[in-house]
Structures are given as structure tokens and as C-alpha cells.
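Start from the sequences and build out the full structure, keeping to the hints where you can.
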Amino acid sequence: MMARMIGGPLLMLGMLLCASPNVFSQGVREGLFFGVGLDGDRLTEQRLMAVRDATGIAPSLVVIFQQWPGPDTPDAGRFPLTSVQAIGQADALACVTWEPMFLVQGGERAIAADAILGGGYDDYLRLWARAARDYGQPVLVRFAHEMNLARYHWGSDAEGYGPESPARYRAMFRYVVERFREEGADNVFFVFCPNSESVPHPQWDGATWNTASAYYPGDDVVDILGVDGYNWGTTQTLAEHGWESRFSSFADIMRPMFDELRGLNAEKPIVVFEMSSVVQGGDKDAWIRAAVEDMMVWGISGFAWFEVDKENDWRLATGVNPDLADWLRERVQRHARTLLE
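Sequence positions in the sequence shown follow mature numbering (1 follows the signal peptide of the UniProt record, and there is no 0) and run -25 to -1, 1 to 316.
Worth flagging that the hints you see were computed from the coordinates, not collected in a lab. A hint or two may mislead.
As the list claims (entries may be wrong) - If you anchor each label on the Cβ, the simulated ranges turn out as follows: (1) Glu157 <-> Arg84: 23 to 31 Å; (2) Glu219 <-> Ala265: 19 to 27 Å; (3) Ala133 <-> Asp50: 22 to 30 Å; (4) Thr57 <-> Gln178: 42 to 50 Å; (5) Ala142 <-> Met24: 40 to 48 Å; (6) Val79 <-> Arg304: 41 to 49 Å.
Only a predicted model underlies this, so the values are computations on that prediction, with no experimental measurement involved. From the three backbone atoms N, C-alpha and C, an ideal C-beta is built for every residue, glycine too.
Here's what the structure looks like:
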């Protein structure tokens, strides 16, 4: 799929893949690949082994999250070499969700687009790109994900999130990719990853500007398409959370955005980089099985399960039948590195 060369390690990998379709333990091209999304600053092999034991499946993609440096955190946001190395040693591909925001007085603040586009973060971008380049193995970068959610308002404050946001986002995305190319970081692959539902919504809220297509920065700077979506079940109430959730199928949650992404580009791989379901309000086990079948039919490459006990217990093994892991293993026999072919 990828036209560019990224050096010796991946070239050797490609030769192995061509020579033997069973170079990975469970096959390469069949079914989906399985990954996990994890929180925390530094991952270790021990934690990844614990995740494998908890899910019953060895993930071939690990999604992590990182913010940029700010006035109160000047040393934050360095290329996460320790975590990325641990992921690689576990025979998985790393995906860094790279969030252009920082913490100040306990709150999150999005970095202004003008500060990025005006060169104020060039030293940081170039340092990060060089560190990624020198790591020498493929890394996915999910820059400023879920841009169609007001919760993030990348490039502005909350009040500035509006009709100008898509153009601002496109410019930031392209600017970042250009800095990486100038540093020769050809082993970094960029992901465009909206949320499954736009908030505010183009139809229901009249925010016609807030579509994934409007934010898309172009085929020449995007390697992989992604989408995030969660089944909140009946955990959210209007009185307590400001909105009321219901148990929804994977297809209801994901299909509209999948179709929009496929309309942007018919060839680029599509990955679900964040997904999970709660148990409240329905049958989580059946939800997962139906989701996997849908992804296989639609041609999705793979998915990363959000393996975190956060505002809800999103972990895979919570509230499912004991045989789910065996059922899944039969269907997640690809490796995430096949994205790079």
C-alpha cells in the first residue's frame, strides 16, 4: 500500500512477507489484526504481557497517547522511545496519538494554530521527528485525533471552534507532515482519525462545516484512515452527564463514518483505532462478535480495543463469555504491520 521506502528494517520485513505468508505466528493476510489502546506515560514489556494475559490475545498494534510540552511541562512530549521500544520488543506496531495540547494548572489547553504554523514549535517538531527517524522502525502517528469533536477544538480555544476549524486543522496537519519529511522521518506514517460522530452534528445541530471530509488534509499527507467509536450503553443520563446514551450496535455507531472515509479514498486502509463497549444495557459479548463480523465484511484492516478502566470499565474481558478470546483469535490473524505493505 505504501509507495515510499523507509529503510532497511521495513525493506527486510517486506522481503520476508513476500517469501513466506506465515512469517507471523498466526498468518498475515487473513482476517483482521487486533490491537489495544492503553493509557499511561511509559509502557513496559511486563505491562504488555499483562494485557496479553487479560485479553487472551497478543496485540499487534498498541495505541498510546502523548501531549506536547507547555509552560508548566517543558520536558513533556519527547518522542516516547521507551514505550515504543517495549511495543516493538513485544512484536507489535506502535501508534502514538499525538495531541497538540498541554496541561496548565491542571487543565488541558489546545495549542494555537498560529503558534504551530508560525514556527513556534518547529524545534520541538524537528527534535521529535529526528528521534522517530533514528528509532528506525515503523511508527504510526495519529496527529490531533477526533478533530470533529468540540471537546478537542485543535488549534484554538473552545470558543474558537467553528466554521474556521477545518481549514485550521488541514493547515496544521500538512505543516507537521512537512517538517517530518524535511527531517527524513520516512518511517513515520500519519493517520487521519475522526470520531465516529461529529459533535456538533452537521445535520442535527446545523453545524454543516463539521464533517470529516472538511478536515481531510489530502491524500499526499495521509497514509492510513481511522475512526474512533464507543458503545456507551445506558451509562450516560441527561441529568448527570448532559446526554442520554443507549446500547447501540457497532454498525449504527461506525457505518456512517466508515462510508465517509471510504468516500475520501477508496484504497487507503481503514483502522478502528479506538473502540469498546460497556455491559450496561445489552449483550457486550454479542456486540463484539457482531462488530468483528461487520469489520471483516466491510474490509476494515483491524481494530484497537480501548483496554482501560476509566469513566467506564472498557476492558475487553469484562462481562463476556469465557470462549470469546478463542473465537477472536480465529479472526484476528493479521499483523498490524501489513498496513505498511
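Verification of the hints:
| no. | hint | in the structure |
| --- | --- | --- |
| 1 | Glu157 <-> Arg84: 23 to 31 Å | holds (27 Å) |
| 2 | Glu219 <-> Ala265: 19 to 27 Å | holds (23 Å) |
| 3 | Ala133 <-> Asp50: 22 to 30 Å | holds (27 Å) |
| 4 | Thr57 <-> Gln178: 42 to 50 Å | holds (44 Å) |
| 5 | Ala142 <-> Met24: 40 to 48 Å | holds (45 Å) |
| 6 | Val79 <-> Arg304: 41 to 49 Å | holds (44 Å) |
In the structure shown, no violation is registered for any of the earlier numbered hints.
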